[in-house]
Structures are given as C-alpha cells and as structure tokens.
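Could you put together the complete structure from these sequences and hints?
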Amino acid sequence: MPHVMISSKKCTGCHMCELACSAYHEGAYRPSVARLFSEVNPTTGEIKGHTCLQTACAKCQEVCPHDAIVTKEITVRVKGDYPSKEKNGEVVKGYVLVVDEEKCTNCGECYDVCPTGVIHEHPDRHVAFKCDLCDGEPQCIAFCQNPHVLAVDLKIDKMDRELQA
Amino acid sequence: MDFYKGNVLRIDLSAGTTAVEPLNMDWAEQYIGGKGLLLRYMWQEVPAKVDPWAPENPIILMTGPFAGTGVTTASRLVVGCKSPTTGIYTDSYVGGSFAPELKFAGYDAVVITGKAAEPTVVVIKDDVVEFRPADKYVGMQTSAVEEAMRKDVDPGAKTLSIGPAGEAKIPWACISTDQYHKAGRGGHGALMGDKNLKAVVVRGTGSVSVGDAKAFLDLIYKLHEEYILTEDNLWAHEEGTPVLVDPVNGAGALPTRNWSAGEFEGAEKINSEAFQKIRTKKRACYQCAIGCRNFHATTFAGETVRGEGPEYETIALCGANCGIDDIDALMKFNELCDELGLDTISTGSVVGLAMDLTEQGINDFGLRFGEVESYVKVPELIAKREGIGAELALGTRALAAKYGHPELAMEVKGLELPGYDPRGSFGMSVGYATSDRGGCHMRTYPTGDEVVAGTSPANEIDAAKIEQIVVGDSSKGFIGQNMSSIKFSAILCDFWAVTPEQLVILFKELWGHDFTEDEVLKIGERVWNLGRLFNLREGVEKDDLPKKLYAESGAFAEGPSAGQAVGEDKFNAMMAEYYTQRGWDASGVPSEAKLTELGIDVRL
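Chains as they are written, first to last, in this note's numbering: chain X, 1 to 165; chain P, 1 to 604.
Just so you know, nobody snuck in bad clues.
Covered, in the sense of this in silico footprint (three residues per stretch, anywhere, with C-beta under 8 Å from a C-beta of chain X), are these stretches of chain P:
#1 57 to 71
#2 134 to 148
#3 222 to 234
I should point out that these hints are in silico values taken from the structure, not numbers from a laboratory. Quick reminder that beta carbons are idealized off the backbone N, C-alpha and C, glycines included.
Structural data, given as structure tokens:
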C-alpha cells in the first residue's frame, strides 16, 4: 500500500518530518508523538528511519484483539513541486491502517509487535495512535523538501499497483 | 503561550536547588530571544564587575522563539556568560538538537549559577530536574559522554557536555552537543568545568505551540521554497563552509603560518574539492532543511578518522595558519579538538603562534609549520596541560606576552581571531575591532561581500562601508552588526541570509501585530547597544586589533593582497566614523539620546 519510507542514506536527520507530522495531527510541534521518526546517532552519523508500512506489514491489525485497527481506502497526493520526488503530482489510491479509537482499549498488544516502533499509546488520549498518511497529503513528505535530499518519500507496493489498474 | 514556553529554569549548583520562574515577557517583546534576551538577562543576572571565575557568574542557556517549530535553521541555542577568557560579554551559538529539546521539556532558558562540590550532571526530564554525581563520567571525551547519557538517562537525551579540556579549565574550552556542534568561543566550557558541571542533559516530551500549526506549516513551507531552498542558497548544502577556502585564499586573506602570509600554497589540498573526495554523508541540525554539515572519513597513521567537519574556520586556523596541508592530519587534529572539547579557532591560533616562536628562535616548542608529527600531539597536551601544553594553555595573548612578543598574538580583546585577514578584506578591520566578544567574524561579515560575492572592493573602506558594517545591507547580502544581532536574537543561522522583510513575516506570527523593517532593525540596534553597555560596565579595553593587520608597515610583500593596508590614519578615521554612526562618543560610550531612542531601560 502507499506508505512512507525514510531513506537512511539520504536523510540528514533534521527531523522536519516529525515536526510536520505532529503539527498536523496534534496542532502543535511535538515530535515525541510523531507517527514516524528518524533515529540518529550523532557521533557516527548513522540514521535509521522508522515508518509504518501500512498493509504491507499489518502486524498490528493481525494481533489486535478488538479489531480496532481498520483498513481504510485513501487517495494520496504528494505536495511539493519537486520532480525528483517519486510520486510528485501523481494521485495514488490505496489503503491505510487507522485506529478506531472507539474500539481501542489501549491493551498494548500492537505496541509490542510493531517491527518499526511507530504505534504507541497516545499520552493524552490513552489509545493507540499511528500514521494515517494525513488524509492523503503526507506532511512528512511535503516538508522533506531540500531538492538534494528528499529522503522521505511515498512507496507503493504490489497491491496498490493492482488497485490503480 | 505560543512560540515561547514562558519558563526559565534556575539551577543553583552550590545549593543543589532548582526553581522555575516565568519568562519576562516584556523583555521578550523588546529583545525577542536568543542574543537579545540573553543580554537583558545577563545585565540582571551577572553581578557588576564580578570575577568571571566566581560562582555567581552564571552560565545562561537561551533559546529562540522559533526553536522547536519548523522554521528552518532556528534550532540554535545561545550560551552566554561573562567570559573567563576575555572578561567581557561572550555568547556562543550552537546548532544540533539541544534547544528544541529544551523547549519540548518546557523551558525557554536555563540560568546556572554556583559551583557544585563534586562533579555533577544536571538531568532535565520535562518538569523533573535532578542532580546526578558525575564521577564515572569524569575524564570522558565528549562523544563518550553523550553515548553514556543516551544509555543512562534516555535514548532520546540531548546533551551539552565538556570534555577533558573543560575539566582542566583551558581558557578556550568549548561546550559540545551532538558531538560535532560546539558552543565554541569564549571559554564557556572552562566555566562549566569550574562549576564542576560535566553535562546538562535534557529530554522533553511536550510541545511548542504556534497558534494555528497547520497554517504556520504552510507559511514556513512558502518561506523555505521562496527564500531558503533556492539555487543561490544551495552551496550551503552542496559544499558547506569549505567552499570559502579558495576565494579567501585567492584574495590573500587566508591566515597562513601565524598570519605571516595571506595566501597558502597548500590550500588546494584542503579546499572544498579535497574534502568532497572524502565526504561520506550530509547532516543537518534539528529543523534545518538546508543540511550544511559534512561527514568525512579518512585514515591517519593507520587509524580511521571521521568527523562532521572540519568547517572553514578550522581549515583556516588549524590548517593554513599552522602550515598544514595534510588533510588526514587536519582531520585527526579536528577530531581530537572535538573529543577533548577545544575550540579549533583558538587552538589553531595558539599552535600557529608556538610554531612561529619556534621558527623565529624565540623559544623551542618542538613545533614547526607544516610538521605533522608534533602537530597532532598538541591538542591532547593542551587539554591535559602536559609538557608544552601547560604553556600553550595560557592562550595566544598570554603566551606571546610571556616571550616578549605581543605583536605575534593575533587576537582582539583576548579572543583569537578567525580565518579572515583584514589585509585582504578591509572591512574586517573595523569588524574585528568593534566585535562585542573580541576577535570574531560572526557580528559583521564584510568578507562575504568583499571576497566571496565580490560586490564591494576588498581594499577600500569608507563611510558607506561603515554603514554596512553597522546596519547591514540586505539587498547585497552584507551582514551588519544590527542585522546579525536581530538574526541571532531570533535565533536563525547565518546560512539563511534572512532579510528584514522576511523577519517581518516571522515576527508578525510571533507577536500578532505588524512590524516594519525599520522596527526589526531597531531591535537589532537595541541589542547591539545593550551589549556595548554590558562591556562598558564590566570594563572593556580600547577597540583595536593587531597593528600589523591594518598599519602600512604590516602590508604583505607578496601574494594577492601584496602592498595592501587600511593604513593607521584611515583606520582611526573609520573607527571615529563608526562611533559617530553609532551615536557613541569618541571613547565608544552610547549617548543618552541613543539609549532613549532605542528604549533601553538600563544605564551605566
């Protein structure tokens, strides 16, 4: 499905994606509750991106005892006029996994299985929160904008391609 | 509250107590943040004429209002104190990720006073502040301290720390964060060492609000596209500061062999092209879309050497100024300074001086220009005050004086000069002489205009140029003192050549009302004048710089800047012009009329 990826090689570790993510979802800059993050070792310069792979992974959905992780159809359009961004300007249809907060009991099963560590308990709402591709305009991609960096981008897997067709 | 957190954290190391008090919002409105707010707090917090080494002399950490928002380059922190090196105001700016983290923890500023009885680490986790014994970290190099804090405190911990040089109170010891980012100049690290404070660690999980965060995102997206990520600006990402080596060398302004030449024959071995060959990665500070930092890797004496940097100033002072064109040795020297916590400008200056004293037969330090083997051993000797290091740790001014050759000390007010020789860039003469923290290129940067852009003659200085030095000229990208003062209050990085027009946009978001460009520049002027008052209050020596850098007798015999000199009479005339334009009297004291005009609420 369409999902966000951070290129370890290209990422400069500026954390703009986390700021943009939290500004969109939390109404304030709060990277500790960003839905993706870039793990940086300042000494070695090594960077590891942590993002949700959506239905390409779906471990949270599989493990949820309350069916609180639901599949939702989405249309994604990447903002930003940078031709080198893979999906710039293109409209991509696909699916994302979102949390049904009515059903979520904050049991934590999904927190333990997430391979990239991007589903957690929300510190204020006390339910799980995760990446939902910002209703189709991923802010992390829009704000990773140095044309020579563009480390955060949209990836599309096989199922999406079938959906496009 | 939007942008500001509204909180100042006070840490008293002597009493082992902490307190939170409200940020003075009247001062914030007058001085914005960063440099301006730091100065206003310093006026209040530094007891007049205090011994810089006294426990009462505070170390103040100040953020800017845009730290923790998405405004590019605004993640910088300013560290201030009455300098134990110069005895006057000093501020030092550092990127990385500490300032945003401090805001996320809930604080705009931290005021650290007193002196801990034992080595201490202060840990700030949101609203919980604790003192931890630092015994097991004593002697650790800076990268090891940071690694330990990520392990012992929190994986996301951000650390300000000193290395062995700070512990040994070397006068130019710096404070490190994210390993390669240094609050470098003026000896903050030495004062931290004197306070027995090995590190300040912060982890914040809160937020910074800006009103309508989504609308603000759109605004900064537009600012970035229009002003920052432009073709003109991309040199910072593509090359970073090493790009300066060739033009400055070409202008005969590259300090070479303790400022005895302005052109270095080995420059092409340590220029931008040479560093690009060993570049491995690009890095950025927090919330910076530019990403100017360069990771390099090489081998020296069979061992891997890596580092983010060196930056231009290091290449100039630790390279050309020491006659070093061996890029691997320079990388090693830079790595050692980073790990030990030594400012590279001052280190390169004092090592260059020791080489000069040796070569001239004045005293044999066993150091010679261009000689690698002895050169790479010096940083460790200095940090431990061992062997020749004990004498070099005196610093450039005191070392030259000790051997009866003060004319060989390339410093202003006790702070070693950076990498631009005024003989090849005339505007730097008045720039250095009037800098509020001593020898510094960050207050006004005529070289940018005179040498890099070539839009102003490098071998002329007149009243019009003085005006650019005082105010700045954004239409030409000329960085002036008033402009840099407001920029460093905002705190934006030098790599955003921000204009008053762009600051108007940001300040309207900040305060919710319109600003004119003149008002923005006026804040800068207010900040600069307050800095002057602080220095006058503490006692500052006459504004000057080493004579050979402007007197006719100091002109080079050869090289691109051969025969060039500002001239003594011209220099004095230009200094008088500077004071006149500033509204200061002949000894550099701001007039009552000027202080009233600027709305400055303190007096000498």
